[in-house]
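Engineer: Read top to bottom, the protein sequences are chains B and F. Note that this note's numbering has the first sequence beginning at 1, numbered continuously upward. Note that this note's numbering has the second sequence beginning at 1001, numbered continuously upward.
Derived by calculation from the structure, the hints in this document are not laboratory data. Honestly, I wouldn't trust all of these hints.
Stated by the list, open to error - What follows is a list of derived Cβ distance ranges for each label pair:
#: 1; chain 1: F; residue 1: 1122; chain 2: B; residue 2: 75; range: 50 to 58 angstroms
#: 2; chain 1: B; residue 1: 330; chain 2: F; residue 2: 1166; range: 32 to 40 angstroms
#: 3; chain 1: F; residue 1: 1107; chain 2: B; residue 2: 218; range: 40 to 48 angstroms
#: 4; chain 1: B; residue 1: 158; chain 2: F; residue 2: 1108; range: 51 to 59 angstroms
Stated by the list, open to error - Beyond 12 angstroms from chain F on every Cβ pair, some chain B residues (computed):
#: 5; residue: 64
#: 6; residue: 79
#: 7; residue: 80
#: 8; residue: 123
#: 9; residue: 126
#: 10; residue: 128
#: 11; residue: 129
#: 12; residue: 134
#: 13; residue: 140
#: 14; residue: 188
#: 15; residue: 218
#: 16; residue: 275
#: 17; residue: 286
#: 18; residue: 336
#: 19; residue: 340
Even glycine gets a Cβ: it sits at the ideal position worked out from N, Cα and C.
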Amino acid sequence: MANARPIHGGMPSGPGPSPGSSTPAAPDLPDRRAGLRDGLLGGARRASAGLGALVLLILYNVVFNADAFLTRQAFNINATQVATIVIVGVGMTLVIATGGIDLSVGALMAIAGSVAAMILLSTRAPWDIPYLGGALAIAIPILVAGAFGLGNGALVTGFGIQPIIATLVLFIAGRGIAQVITDGELKSFREPDWQYIGLGRPFGVPFQALLALAVVAVAAWAMRVTTFGRYVLAIGGNEQAARLAGVPVRRVKLAVYAISGLLAGLAGLVEIAINSASDANRVGLNRELDAIAAVAVGGTVLTGGRASVLGTLIGALTIQLIRYTLLTEGASDAVARVVTAGAIVVAVLLQRRRGS
Amino acid sequence: MAATAPPLPASEPRADAQADRRAQLGSLVQRQGAILALGLTLLFGWWRYGDNGFTGSYNLTEALRYNAMFALIALGMTFVIMTGGIDLSVGAVAVIGSVLAARLSGEGVWVAIGGAVLAGVAVGLLNGGLIAAFRIQPFIVTLATLLAGRGLALILSGNATVSLSTDAFTNGFIELSSRNLGRVPLPAAIAAVAFVAGSVVLNLTRFGRHVLAFGGNEEAARLAGLPVSRTIVAVYALSGGLAGLAGAILAAQTFAGNPNEAVGWELSAIAAVVVGGTLLTGGLGSVWTTLVGVLLLGAIINMLNFESLDPYWQQVIRGLFLLVVVVLQSRLAGRRRSVA
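The following block holds chain B by itself, in its conformation from the complex (with noise of 0.2 angstroms):
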């Protein structure tokens, strides 16, 4: 009783609008090297708890499983496994900052697999014509689940509805839009050019986990040195105060919204890739639920105000060898759920502490 502060809502919000960098806040952008270093040593700081059990994962595998662990079947089965939920985890990290939240993102990976299935399937122009279909068949469903993420950001700004509901609509219509699309029918395709982006190889590196790496550094750099960044940040801290400052407050989470409903259209076409088919009952399920469990473990404050684009990626990573290891030293699926979540409690749990 002694610690009085509100666990539900008002969770602290730090003074500045980047609490966890070591500068003072500065009513100019700082010098941008310094904020660039600031944002690395800064995310992972607060991704430490993830980091830590990232390291000892890595040390235990190498250690006492090195023979599986040490190839490079081991490697591109975890990359690729975890690069969808990275895709997808940056565009939450975004939304989460502002204090929102995006369950609507794995319909939406179902529907822009829906609708590039449709368009590589399609035998008529301009979607039959090389590579300018395959070039629509990337753009086109990418831009459609951005309009839909679009579409949330204005439920919850212009509206004002909470954005846990305004994104439920989604995940409840998401899925049957997207058996809409492709008339209820599992749609199987092969086009070998087209799931490079799936199943293509650069340097022997599963494609999509370089697609997530560069998601990565985009976000993170944006995160920290563009206004935009500051802004997202500001907006979770205190939209009030935001929104009294000058901050477009509106404008800056129609985009996160819109850019959460990008990244997701972007995650489906890699999963589509890889199963060269679009089941719209499958493509995405759950994948909200990992987005979130990442971005959490990977210390960004669910109320907002704080964010580290780096540690989503630390937490994915954790997550997904703790899974990893667990099944490969014989535990079923059903203890490794399990322990995986207990894993996330325990990440949130030492943050909480070391913020406080």
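Model the placement of chain F on the given structure of chain B, informed by the hints.
Structural biologist: Relative to the frame of chain B, chain F by itself:
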């Protein structure tokens, strides 16, 4: 969950009476709008599907039997949401309850129900304990117990559907779902009793006052010396227990404990609470609006069954319906909050 409503004009002491009255009207519509919508929906169903048996006693009885499970879960969710929290674990808890009840179904009705409810309460205590003691956000804690609960259900079931014991068909267990009291199915009767009890607890007991008080402003409740931690733990235990009970009914209804059932029930329950008119920010609401929300969503789904629609169109329509309701709610709630 941080409130993200746009800034509302603070109610000044000299707010004119006209705005006040309009706000009260908005509040009334928000409170009673769901009942109105339910009435219109049933009327539409009677007109459109009456000849196909929508209003026939068979359809109504079976619809009530099915929706009673959602009603129980949504009741617990209402209490949780009134404290400003959220419980994402209820679907997983229901599945644990149904697997346990199926395993225990040979030992008698009360053992099976007791096992399911106790397991639910245990998960709820864990939720509430973690939230109250360590101040982790309800969303994260219950997300973790959702994931863990699904795993636990797989472990308890040995990764397969658990059939009821043969004794369950004679010792009264399946009657937990199949029995009718007059024309009312037993699950619906149980849900009705639970809602009456819930209403009494909320409005007439000190616990109920605490739930409403600190959902409105937890900090103020804490400073006023209310037992915030205890109330949180109790609310999540209640939600878990009701979800466990719903799970036992599910086992009796499907003759099995299937660890892969009840996917997304937590979100259906949240939708029912919101459709009914309880605000997610806590502090306001009534259990009866939740019951109306459950019946409304149930009626819509039931009517869709009369159309020979593909199931995926049903999902689209359910989503659209939720969209319309929350947009209307937000318009009306804005006025209401400016009064409160």
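Engineer: Hints first: check each against the structure and report whether it holds.
Structural biologist: Here's how the hints hold up against the structure:
no., hint, verdict
1, F:1122 - B:75: 50 to 58 angstroms, "40 angstroms, violated"
2, B:330 - F:1166: 32 to 40 angstroms, "35 angstroms, holds"
3, F:1107 - B:218: 40 to 48 angstroms, "59 angstroms, violated"
4, B:158 - F:1108: 51 to 59 angstroms, "55 angstroms, holds"
5, 64, "24 angstroms, holds"
6, 79, "22 angstroms, holds"
7, 80, "21 angstroms, holds"
8, 123, "24 angstroms, holds"
9, 126, "28 angstroms, holds"
10, 128, "27 angstroms, holds"
11, 129, "31 angstroms, holds"
12, 134, "27 angstroms, holds"
13, 140, "20 angstroms, holds"
14, 188, "19 angstroms, holds"
15, 218, "26 angstroms, holds"
16, 275, "19 angstroms, holds"
17, 286, "9 angstroms, violated"
18, 336, "7 angstroms, violated"
19, 340, "6 angstroms, violated"
The structure fails to meet hints 1, 3, 17, 18, 19 from the earlier list, while all remaining hints are met.
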